[in-house]
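Asks: Residues per chain are reported as follows:
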Amino acid sequence: MAMEKIAGKLGLELVGLEGAACTGAGVLQERDPGLADTLNARTLAMAERLGLPVLTICSTCQGVFSGTLYRLNRDPVWRARINEKLADLGYTYKGTARAAHLLWVLVEDIGLDRLRELVVRPLRGLKVAAFYGCYILRPSWVVGTDEKPERLKYLEKVVRVLGAEPVEFPGEYKCCGFPILTTNRRNSLMMAGTHLTDARRRGADLMVTPCPLYQPEAVKYRDPNVRLPVLHLPQLLGLAFGFSPKELRLDRHVVSVLPALERLSLKV
Amino acid sequence: MLRHDLLVVGAGGAGLRAALAAARSGVDVAILSKVHPLRSHTGAAEGGINAAFSEQDSWENHAYDTVRESDWLADQDAVEVLTREGPDAVYELDHMGAIFSRGPDGRFLLRPFGPEGIPRTVFAGDTTGHVVLQTLYQQVLKDRLRVYEEWLVLDLILEDGFCAGVLAYEIPTGTVHAVAARAVILATGGAGRLYASTTNAFICTGDGMAIALRNGIPLKDMEMVQFHPTTLPGSGILITEGARAEGGYLLNARGERFMGRYAPRMMEQAGRDVVCRAEQTEVDEGRGVNGCVLLDLRHLGEAKIMSRLAHTRELCVTFAGVDPVHEPVPVRPGAHYFMGGIHTDLVGRTTIPGLYAVGECACVSVHGANRLGGNSLLELLVFGRRVGENAAEFARNQKGVEISEARVRDAERELARIVSRSDGERWAALRDILGNTMSREMGIFRTGEGMRQCLAVIKELQERYKRVRLDDRGRVYNYDLVSAIELGFMLDVAEAVVVSGLARQESRGAHYRRDYPKRDDDNWLRHTVVHRDPLGNLHLDYLPVRITRWLPAARVY
Amino acid sequence: MLVTLRVRRFNPETDLEPRFQEYTVDVPEHFTVLDALITIRERIDGTLAFRYSCRMAICGACGMRINGLAGLACKTALRSALNDGTVTLEPMGNMPVAKDLVVNMEPFWHHLRTVRPYIEPHPARIGPQNEYRISPELVDELSEVVRCIMCGACFSDCTVDEIDINFLGPAALARAGWLVRDPRDSRAADRLRELSKPHGIWDCTRCFFCVQVCPKDVKPMEQILRLRRLAVEAGITDNNGARHTQAFVDSVKETGWLDEFTLVPKSWGWNPVALLPELPTAVRMLVRKRAPSPVHPRQPGVDEVRNLFEKTERKRSVKDDA
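Order-wise, the sequence lines are chains H, S and X.
Residues 1 to 268, numbered by my numbering, are exactly what the first sequence covers, in order.
Residues 1001 to 1557, numbered by my numbering, are exactly what the second sequence covers, in order.
Residues 2001 to 2322, numbered by my numbering, are exactly what the third sequence covers, in order.
Next comes chain H alone, as it looks inside the complex (with noise of 0.2 Å):
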């Protein structure tokens, strides 16, 4: 996988929590807010216990995972509650756990510095739009970007770091749809469709997102004059780490990344 791949490079130590839980990713919450604060707590207790902070790689797991922090770190009352239900499986959530993206990593501990180091195969020529995903957004009060309105423009940072082109489009930090693809096909689409068809039409290769929930979302969109392939943030990196396309799966690509590698002069 791209993340395994790249972590070694950003000098990242990968710890699988074994026996971690999904966090919900919104669905599990909107079904019981407390179960789902629950089983994240237990997932944040078992970090906690190791002494490490979590890394997300998926903008929907970080917004879930910052929900449930804001709440368990601000409502003592809430967390005694979900302790309580812990307290027999041994776990306690004490309140020191973090949780961050790959993408607050690289620009807030890693830095853009040593990313520039990192780059063996700039990505100059290409042309990327950035999408952020619903999750790592909002609300702005959960997921930091009060304290840090500089997190809303990290992507662009990181995308120039690597060598590429960020491309501006309106639909940066709206949604993907893809929550709803089995409830509004349409609708869903529609969305999907609107961001690719306008970063498209603003010259990009490829867009990049730290949320691999866009990704099957832009597979069904088939217009063919938009087929612009998705790529997640870490296999961006794993190209201007020069990792080859293969090596980062980009083969698999239902849209296929070909003509924006050509850009690199590199084939799959």
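Rather than coming from a laboratory, the hints here were simulated on the basis of the structure.
Among these hints, one or two may not hold up.
Derived DSS-like pairs (lysine-lysine); straight-line CA-CA distance at most 27 Å [to be verified]:
1) Lys-246/H x Lys-127/H
2) Lys-94/H x Lys-2311/X
3) Lys-85/H x Lys-2311/X
4) Lys-246/H x Lys-9/H
5) Lys-127/H x Lys-153/H
6) Lys-2253/X x Lys-85/H
7) Lys-94/H x Lys-2253/X
As the structure is a computational prediction, the values presented were derived from the model and not from experiment.
Given the structure of chain H, go ahead and fit chains S and X onto it with the hints provided.
Replies: Leaving out everything else, chains S and X in the frame of chain H:
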């Protein structure tokens, strides 16, 4: 020609309540308002609604407190109606869907509001007016009433001594319409914007009062303008009396609870006029903080502030940059409520058959010289319903009158004249002079000399107003023109306020004269009635106060 | 301080296209965006149109987009909105512009009317002589929704309404979320059924825009999710939304993880006709070896996950819903 049985002008609490009552008694009702109903100023009322709900209370208690607070200027028969029908009017609103705060038994939670100290005030946190307005509007949607949204009333149409409808300006299109009706209810609200510092919304420009005045219909007790003791400096935003009812203190610069010197028994809970004068005196004598005193809520604790005064906290943080959980809030008096208004009887009738008035634009009179906090929302519920039903009854027995299209053309020509004027002054400049002068001379402390100067300024402004120039010459959403029209209304209402005040040579309730500091029941226990003759001159008359059972006594705090 | 307001203007009587106009004014530091706009219309340019009334965040008139996000001009401190001394003001979205910052809110009101936003007591039931008994806990809970001032900010920035104006939208659904829980109303079940239809509660993407922009912290999205919960609890599950959530929840419960392979077919109730449009995508994903594995192994720790499920699935209190 648009035609309805009954037309209600104004879509605040009084207008909506009247319209619902009328519609439910079976006549065709339409509502006309210069803003969407939910933007009306009723929504800004915070503290609550008084009524004698509890076992240890009675409508007589409530009535007596109302009369005493009015400094005995309220008509006691009207107060009896208000307080007797109070509980049912609130239950009715509860049945319509209002969400009021509840106690552990699921029944209304009551707040002790004002000087009486009896828990009598039902509330919805500190956004009671918001809940009242939303609830009434929901019922308007349920009944599918016709609402002419963003239509500004320009004038009444009187035919053969009857009210036959109104002329109105459709703001979205710039079109003048005549709306014919067998009866018209004015429910246009107050005129706080006459003052530079006011709790009132920008829309509170006295439109209905001015239109009545221009048509020779008398206004009553116009000098009685209530100032609210706790408003934020600069913006004038209201901090509810609930803040003091929940136990808040007023402090001066030395940290003293100064109300002890002015109202040793009632302290911060004394009458609004008394607290305002105390605050102003502290400031005038050098014990203020930048022209303000301090409202201290810290000892209430965060939990109580958040459950009872959440909106208040939000207002303080947002508009004064002060969190009342941690710091005292600077406050000062601001113009708040017109006790006076269009002279009506107990069912809202004016001197013109077919024309009714209700709510703040009217004067029945239940507030006299100083309104008891928590009585204004009650008034609009009780009298809104009464007036709606009575106007509907009148409309049902009335034949429609034809309105001449010439009225529309005349109004259009008049507006075109304003719009096309190429040189002159901006309305905003004149409004600033009006507001500052009124705040200075017609505020908490008044003198004959000051009021005479104020009147001279208003007369001058009325002349200058004839040369007001607009920037916007368009038809669509010409708010420049709307504001200019509103200023015309304000100047006429201001004149009535000052003329009424100048004549009243005593101090009573909100009308406090340094040159006549005592209440004078022998000469002035009577209502001021002002009307304008066709030449534009104001004339004063007086009406006796109707006293049923409570003889005037001193107000002691 | 010297500030520049960059205002999107449009006058239907003279303009073919909207344009931006910049006003630079000297105003006190404590001014709100609304204060600055009023200064402009009173002192500089009386043709500038925008709505405002209470200036204290309770009437909801001055909704507009401030630096791209909907909010109340009166509640926004100018200083906090400045980027290099400039603030950009535009009319709200998802509604036609009438003039400058004034929008025609009829689409918004239309949806509000659609949800029948008033209590409808049972016609045969006689109410109490005095007030209805309502628990203070429920009043507290409802107050979150009751405080909505219908400013339209959530509707303006709703990403679903942007592509499908038929979506009832955050404010109307939040208001409905009050009525289904109001003990005075008799139509809770009917309401939930109506709201579960297309354009209703299951069309929300959970993008958080409404939560972000709401000036009264109504959290409309949370109200919509609560309605989904209530609808499922009321047994109204015959729709893809409810099935999707159930499939997701089941998967996490059984395996600790999300089974992407069966999520889509389960959402469609394994309906082969409805699934046809998904088939080409699935085939292409299989060809490209991108499809999720049909074998969905149980994750370690799943017993603990199930334990927590069972603990919390026991009767939830009202408070747990919050």
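Asks: Does each hint hold? Answer for all of them.
Replies: Okay, the hints, checked on the actual structure:
1. Lys-246/H x Lys-127/H: holds, 21 Å
2. Lys-94/H x Lys-2311/X: holds, 21 Å
3. Lys-85/H x Lys-2311/X: holds, 7 Å
4. Lys-246/H x Lys-9/H: The given pair, whose Cα atoms are some 18 Å apart, holds under the 27 Å limit.
5. Lys-127/H x Lys-153/H: holds, 16 Å
6. Lys-2253/X x Lys-85/H: Judged against 27 Å, a Cα distance of about 16 Å means the pair holds.
7. Lys-94/H x Lys-2253/X: holds, 25 Å
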